[in-house]
Amino acid sequence: MDKPGKLIPVPTAETAEFWAGCRQGELRLQLCAACNKYQFPPQSFCRHCSSAELSWVAASGQGRVLSCTVVHWSPNPAYAAEVPYSLALIELDEGPRMLTNIVGVPPSEVRTGMQVAVVFEQCSPEITLPKFKPR
Amino acid sequence: MSRYRLRGCAAIVGAADTRVGVVPEFTSAQLQTQAARLAMADAGIGKEQIDGLITCNASVERGPLKTFHAEMVAELLGIAPRFCLTGAVGGALPVLMIEHAAAAIAAGLCHTVLLISADNLLSGAKRRVPMPEPWDDPQFEEPYGPTTPAMYALIARAHMDAYGTTSEQFAAVAVACRKHAAMTPGAHKRTPITIADVLNSRMIADPLHLLDCSLVSDGGAAIVITSAERARDFSKTPVYFLGAGEAHPYLSLLHAQSLTVSGAVESGRQAYAAAGVRAQDIDVAFVYDAFTPMAIIYLEDLGFCPKGEGGRFVQGGNIELGGALPINTHGGLLSYCHAGLANSIFHITEAVRQLRGECGARQVAGARLAIIHGQGGRASTHGTAILGTQETL
Ligand SMILES: [Zn+2]
Chain A
1 MDKPGKLIPV
11 PTAETAEFWA
21 GCRQGELRLQ
31 LCAACNKYQF
41 PPQSFCRHCS
51 SAELSWVAAS
61 GQGRVLSCTV
71 VHWSPNPAYA
81 AEVPYSLALI
91 ELDEGPRMLT
101 NIVGVPPSEV
111 RTGMQVAVVF
121 EQCSPEITLP
131 KFKPR
Chain P
1 MSRYRLRGCA
11 AIVGAADTRV
21 GVVPEFTSAQ
31 LQTQAARLAM
41 ADAGIGKEQI
51 DGLITCNASV
61 ERGPLKTFHA
71 EMVAELLGIA
81 PRFCLTGAVG
91 GALPVLMIEH
101 AAAAIAAGLC
111 HTVLLISADN
121 LLSGAKRRVP
131 MPEPWDDPQF
141 EEPYGPTTPA
151 MYALIARAHM
161 DAYGTTSEQF
171 AAVAVACRKH
181 AAMTPGAHKR
191 TPITIADVLN
201 SRMIADPLHL
211 LDCSLVSDGG
221 AAIVITSAER
231 ARDFSKTPVY
241 FLGAGEAHPY
251 LSLLHAQSLT
261 VSGAVESGRQ
271 AYAAAGVRAQ
281 DIDVAFVYDA
291 FTPMAIIYLE
301 DLGFCPKGEG
311 GRFVQGGNIE
321 LGGALPINTH
331 GGLLSYCHAG
341 LANSIFHITE
351 AVRQLRGECG
361 ARQVAGARLA
371 IIHGQGGRAS
381 THGTAILGTQ
391 ETL
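Chains A and P, in that order, are what the protein sequence lines are. Position 25, counted from 1, in the first sequence is what the working numbering calls 25; the numbers after and before it change by one each time, with no gaps. Position 387, counted from 1, in the second sequence is what the working numbering calls 387; the numbers after and before it change by one each time, with no gaps.
In case anyone wonders, no lab produced these hints; they're calculated from the structure. Hints are not guaranteed to be accurate.
What the hints assert, rightly or not - Listed below are the simulated DMTMM-like cross-link pairs for lysine to aspartate or glutamate, each with C-alpha atoms no more than 25 Å apart in a straight line:
1) A:K131 to P:D161
2) A:K133 to P:D137
3) A:K6 to P:D137
Said to hold, decoys possible - Short, incomplete list of chain P residues facing chain A, as computed with Cβ under 8 Å:
4) G8
5) G78
6) A80
7) R157
8) D161
9) D206
10) L254
11) L259
12) L321
Unchecked claim - Derived DEER-like restraints, expressed as beta-carbon distance ranges:
13) A:H48 to P:L109: 33 to 39 Å
14) A:A33 to P:A80: 51 to 57 Å
15) A:R64 to P:A279: 32 to 38 Å
16) P:T166 to A:V57: 56 to 62 Å
17) A:A34 to P:A107: 37 to 43 Å
18) A:A34 to P:A88: 32 to 38 Å
19) A:T12 to P:Q257: 39 to 45 Å
20) A:C35 to P:T237: 42 to 48 Å
21) A:W56 to P:A279: 45 to 51 Å
Just so it is clear, CB atoms sit at the ideal spot from N, CA and C, and this is done for glycine as well.
Produce the entire structure from the sequences given, and follow the hints as far as they go.
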């Protein structure tokens, strides 16, 4: 469980299915039946083609690092207590991008292009956060 | 594409900065009204001649100043403008609003606009807000601890990976801005620094060192914009609005098409087309230097060098006074003032001083054309404006 002061997501009607998946150890994305594109973050219609024909699918949970940094300073004490930590922008194999922390490796060893796979970290009874580790 | 009708329709006839840097005795609203009074004094007019007001929101304000910002500033100034607008797109805002003011004047909504931006991220935030409000997506970004420098570090790292840009090249931007601030009375930080100083300053978010990051300051500035026709009657040499462009390709980095090619390509293309000039015609450039790599990316994207060569372009004094393209001659956000939101106002007032020939030791000789690029968010929203002297009309 995370320390107080960290920002814990509050699911909405559009995102509840995503967070339910995380609780069950599954990374879920929306798939558009009209244009066949995957969507993240979730919303009630497709950003690519405006169709509302979206379904939830289990993603591979695999992707690669597009860019990364090591955070050495934060104005938020809860995060400042954990520096240095890795922050990365990743692209899932299905296309959508996620901001995440790369774990299971020293932050200084994370590299652009690194192949990563999802891991789940419970941070409250309701919320389990997807993070990524090298694969 | 519709025809651009605003070239030369309006001019800046007043421009002024408040005291900047550490100004704990004033709220952001007081800085706004001070900036307004100084700009009206510079223009040589009274408040009764202002019939348009555009204000830029401040990061530290809450309550009515958040929702009715321009109205509250109007009340404090004792004016009741026909055209009254609060803008909110962060750092790009003042640059975008020059064009909105010109459009309002050209459309006959008003004849003389006061454009103000002031904020006090340094003192106001300490006084009123325990911690900056989170900026990023509360469900899908904030939980991972993204600081503002860290989000820009992702852009910086991507540029290094794609083009081999180095930390020394980033540092050259900080050194140039500090050199210029040392020549600017009142700038927040004026002690000269070296490349080694930047590289030895503490790491904030790899690869960004402390001295790669903009300051945290207090301050404000304002300009008076009027029709080109009226501008002839003002005491100060008019600085003409030649054209502008804007681009809003995304808000979150999750939706950025590219980390290394910015919306400045599009906003710059529009601005050059509107003004009828090219990058090689520009005498002095003002680029949004919230973090050193961003100045490099904007110089590339505005066409001053080929994509990927910005790191080499900023080396060897090329962007310093006396170099091929002096940038941010007041010291920019890195050394003059970074007050919170809407900081491109200081780039605008310095551009006006350069085009009036008022800059003394830091004057770019014969400056006729200036470009200003502002950005907001996570390098996500962009405004580019081109200003010129009468001979460029
Ligand atoms: Zn679709």
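The hints, checked one at a time:
For the given pair, K131 of chain A sits about 23 Å from D161 of chain P by alpha-carbon distance, which is consistent with the 25 Å threshold. Only pairs whose Cα atoms come within 25 Å are accepted, and K133 of chain A paired with D137 of chain P is accepted, the gap being roughly 22 Å. Distance check on the hinted pair: K6 of chain A and D137 of chain P sit about 14 Å apart at the alpha-carbon level, within 25 Å; holds. With a least beta-carbon distance of about 39 Å to chain A, the hint placing G8 of chain P at the interface is violated under the 8 Å criterion.
At its closest, the beta carbon of G78 of chain P sits 37 Å from a beta carbon of chain A; the interface hint therefore is violated under the 8 Å criterion. With a cut of 8 Å, the hint placing A80 of chain P at the interface with chain A is violated, because the nearest CB-to-CB distance is about 39 Å. Taken as an interface hint, R157 of chain P checks out: its beta carbon lies about 5 Å from the nearest beta carbon of chain A, inside 8 Å. The closest approach between the C-beta of D161 of chain P and any C-beta of chain A is roughly 5 Å, which is under the 8 Å cut-off, so the hint is satisfied.
Interface restraint check: D206 of chain P against chain A, minimum CB-CB distance 4 Å, threshold 8 Å, status holds. A distance limit of 8 Å between C-beta atoms decides the matter here; for L254 of chain P the minimum to chain A is near 5 Å, and the interface restraint holds. Restraint check, L259 of chain P versus chain A: the minimum CB separation of about 6 Å is within 8 Å; hint holds. Annotation: L321 of chain P was flagged as interfacial toward chain A, and the flag is violated, the nearest CB pair being 32 Å apart, outside 8 Å.
Separated by about 38 Å at the C-beta atoms, H48 of chain A and L109 of chain P satisfy the suggested range of 33 to 39 Å. Checked against the hint of 51 to 57 Å, the pair A33 of chain A and A80 of chain P passes, with Cβ atoms roughly 54 Å apart. The supplied range of 32 to 38 Å is met by R64 of chain A and A279 of chain P, whose beta-carbon atoms lie about 35 Å from each other. As the Cβ distance of T166 of chain P to V57 of chain A is approximately 42 Å, the hint placing it in 56 to 62 Å is violated.
For A34 of chain A and A107 of chain P, the hinted distance range of 37 to 43 Å is satisfied, since their beta carbons lie about 40 Å from each other. For the hinted restraint 32 to 38 Å between A34 of chain A and A88 of chain P, the CB-CB distance of approximately 34 Å keeps it satisfied. In this structure the hint that T12 of chain A and Q257 of chain P lie 39 to 45 Å apart at CB is violated, the actual value being about 26 Å. Checked against the given bound of 42 to 48 Å, the beta carbons of C35 of chain A and T237 of chain P, roughly 55 Å apart, lie outside it.
Against the hinted window of 45 to 51 Å, the Cβ-Cβ separation of W56 of chain A and A279 of chain P comes to about 48 Å, which satisfies the hint.
Checked against the numbered hints given earlier, the structure breaks hints 4, 5, 6, 12, 16, 19 and 20 and satisfies all the rest.
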